[in-house]
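S.K.: Please model the entire structure based on the sequences and the hints provided.
Line order of the protein sequences matches chains H and S. First residue of the first sequence? That's 1 in the numbering used here, and the numbers climb one at a time after it. First residue of the second sequence? That's 1 in the numbering used here, and the numbers climb one at a time after it.
Just so you know, the hints here were simulated from the structure itself, not pulled from any lab data. Bear in mind the structure is a predicted one, so any value in this text is a computation, not a measurement. Be aware that one or more of the hints could be misleading.
Computed far set for chain H versus chain S, every beta-carbon distance over 12 Å [claimed, not checked]:
id, residue
1, V20
2, F78
3, N134
Footprint (simulated), chain S over chain H, 3 or more residues, beta carbon under 8 Å [stated by the list, open to error]:
id, region
4, 172-183
5, 187-200
With a straight-line cut-off of 30 Å between C-alpha atoms, the simulated DSS-like cross-links for lysine-lysine are [to be verified]:
id, chain 1, residue 1, chain 2, residue 2
6, H, K169, S, K167
7, S, K132, H, K270
8, H, K165, S, K130
9, S, K167, S, K178
No residue lacks a Cβ here, since even glycine has one placed at the ideal position from N, Cα and C.
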Amino acid sequence: MVNRSRVGSLGRIALYILLVAYGLTIVYPLFIMLCNSVKTGQEIFANPFSLPSSFAWDNYSYVWSVASFNAYLKNSVFVTVVSVFLVLVVSSSAAFALARYRFTGNTFLYLFFLSGLMLPIRLGIIPLFVLMKNLNLLDTYASLILTYTASAIPFAVFILTGFFKALPKELEYAARIDGCNEYRIYYQIMLPLVRPALATVAIFNFVQTWNDFFIPLVFISSDHLKTVPLGMTNFFGQYQTDWNYLFAGLTLATLPTLIMYLFMSKQFIKGLTAGAVKG
Amino acid sequence: MARVFLDHVTKTFGNVIAVNDATLEIKDKEFLVLVGPSGCGKSTTLRMVAGLEEVTNGNIYIGDTLVNDVPPKDRDIAMVFQNYALYPHMDVYNNMAFGLKLRRFPKAEIDKRVKEAARTLGIENLLNRKPKELSGGQRQRVALGRAIVREPKVFLMDEPLSNLDAKLRVQMRSELSKLHNRLQTTIIYVTHDQTEAMTMGDRIVVMKDGFIQQVGAPLEIYSHPDNVFVAGFIGSPAMNFLDARVVKEGDDYYVDCESFKVKLPANRFERVGEYIGKEVIFGIRPEHIDDKELVPNPPADRVVTATVDVMEPMGSEAYLYLSNGPQSFVARVDAKTRATDGAEIQVVFNTDQAHLFDKKTEKAIR
Chain H
1 MVNRSRVGSL
11 GRIALYILLV
21 AYGLTIVYPL
31 FIMLCNSVKT
41 GQEIFANPFS
51 LPSSFAWDNY
61 SYVWSVASFN
71 AYLKNSVFVT
81 VVSVFLVLVV
91 SSSAAFALAR
101 YRFTGNTFLY
111 LFFLSGLMLP
121 IRLGIIPLFV
131 LMKNLNLLDT
141 YASLILTYTA
151 SAIPFAVFIL
161 TGFFKALPKE
171 LEYAARIDGC
181 NEYRIYYQIM
191 LPLVRPALAT
201 VAIFNFVQTW
211 NDFFIPLVFI
221 SSDHLKTVPL
231 GMTNFFGQYQ
241 TDWNYLFAGL
251 TLATLPTLIM
261 YLFMSKQFIK
271 GLTAGAVKG
Chain S
1 MARVFLDHVT
11 KTFGNVIAVN
21 DATLEIKDKE
31 FLVLVGPSGC
41 GKSTTLRMVA
51 GLEEVTNGNI
61 YIGDTLVNDV
71 PPKDRDIAMV
81 FQNYALYPHM
91 DVYNNMAFGL
101 KLRRFPKAEI
111 DKRVKEAART
121 LGIENLLNRK
131 PKELSGGQRQ
141 RVALGRAIVR
151 EPKVFLMDEP
161 LSNLDAKLRV
171 QMRSELSKLH
181 NRLQTTIIYV
191 THDQTEAMTM
201 GDRIVVMKDG
211 FIQQVGAPLE
221 IYSHPDNVFV
231 AGFIGSPAMN
241 FLDARVVKEG
251 DDYYVDCESF
261 KVKLPANRFE
271 RVGEYIGKEV
281 IFGIRPEHID
291 DKELVPNPPA
301 DRVVTATVDV
311 MEPMGSEAYL
321 YLSNGPQSFV
331 ARVDAKTRAT
341 DGAEIQVVFN
351 TDQAHLFDKK
361 TEKAIR
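M.R.: So, in structure tokens, the structure goes:
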């Protein structure tokens, strides 16, 4: 007994050391990014890893207005929010039907959705490009939103179907007797109960969409439609790179994701671990 | 209020027949209990009345309306489920008010009904809580409350007490009976627990493998079971069944259980004459076998010597697990018995209360 608890506390210390080390590897680059975002270009080259000797806040104002970061941010927010919203609406209703109704082709449809998980969307970029061109959607928000939504649906349907299936049948019965039609059962009874799963899907897709560089690179050519990751490339010149502006821009770009995590991390963890333990 | 009538109702799932040609009338204001082992079709029957399962064949009437194609919400029923099925994201008040809100009742009326039901069930102080903050018994009350506020014609209850602990179950049993007296509505109650069926039902329907075995008042079923299954299912501990032959000596009939025989009463079994020399199943309840020492004037032709394999004292009474030759049986006797494990004692078979069943059809011989 005594021995075991001693081993336990030693193990615990080791675990904490590991976790702290891991935490540092995540936080340190962010910290360097933050430091460098308020240095001047020369200072970054002189002391890339030191604390800033003075605060050059005008990096931010330059990035925000002169480098039209505000426009990129608006684009990114719009595209991300709309895609995530569409993914949630479409996938949750598909998952609800797949999980709660018996009909011929149910399993086939479910597997069809899942097969999308096996194909990375980037593999299809050439046909996608041709498709967007034919639809006259190149260089529009729609090209991004449609691609993001479609590519996120398989994962979302996979997660949500599992959650919907886990809800007891009696809840549906009770709601039906209480006077709900199918639509109301979906949005007033079932949907609130899979909120952790919705949060998981939302965060997961938010981060992916927000950080994506490749799709806008291919589809977007007008400067005023660029998203943040694409806009960042303006700071990479052929002959020189404006590191101070780049770091300021990156700091701004990281903020929404951080805020999202802070607000939804509890739901997110619930969603990831639910089903792992009964009850 | 309303009667419910099932007219030759059958339900199949693929090749499986869940309910087979059930005809059953539930009278207005009756407390009817459907009882049987799991998979006997009792819950399916209830769900068909609720409209949650479609009827494969036959008709269901609530009141005088044919409801085969009426959706659940328009059948004027309320249902209580075994796992309560409370909406986890709504507080108690809204759980109870939800059905009324959907039916667009005025706010004041909803409020009045919810508060009244809450008072009846003693859950007034819980109205702002979420289901997960409630104990099992409290959830059960909320589930009942949700049904009560609707003031439906028929209550359907699907094993509502099965998830409660034993003590609470006994308490809720009597509360449900009281509630039925006060509400004066038709209740169809499904359970696998024969004690619940016996204590609560005005009438009991015993089901097995989709077939209705017997319908009747609790005591009627207890004392006149139609077949071996009903006899064994109702009553605890279960009835003893002994392989036997009917023999006639002089004018008297006996059951011969190989190593012993006991006399049958003169007028209990009219058709016993047809079974002379034939094999039958002799059924006798444990409470109808008594320790000879505790019987004032034991009739000599019904006394059997038996070995006590195990003696289980229950406090007020004792169960004796007895054997005689190839036969073994249980007796339920007064706690005063002096029988001990391994002892040889004499017991009296009260054959006035015994049953005979046809070996082949397992139907009662009367």
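S.K.: Return the numbers of the hints above that this structure violates; sort them in rising order.
M.R.: Violated: none.
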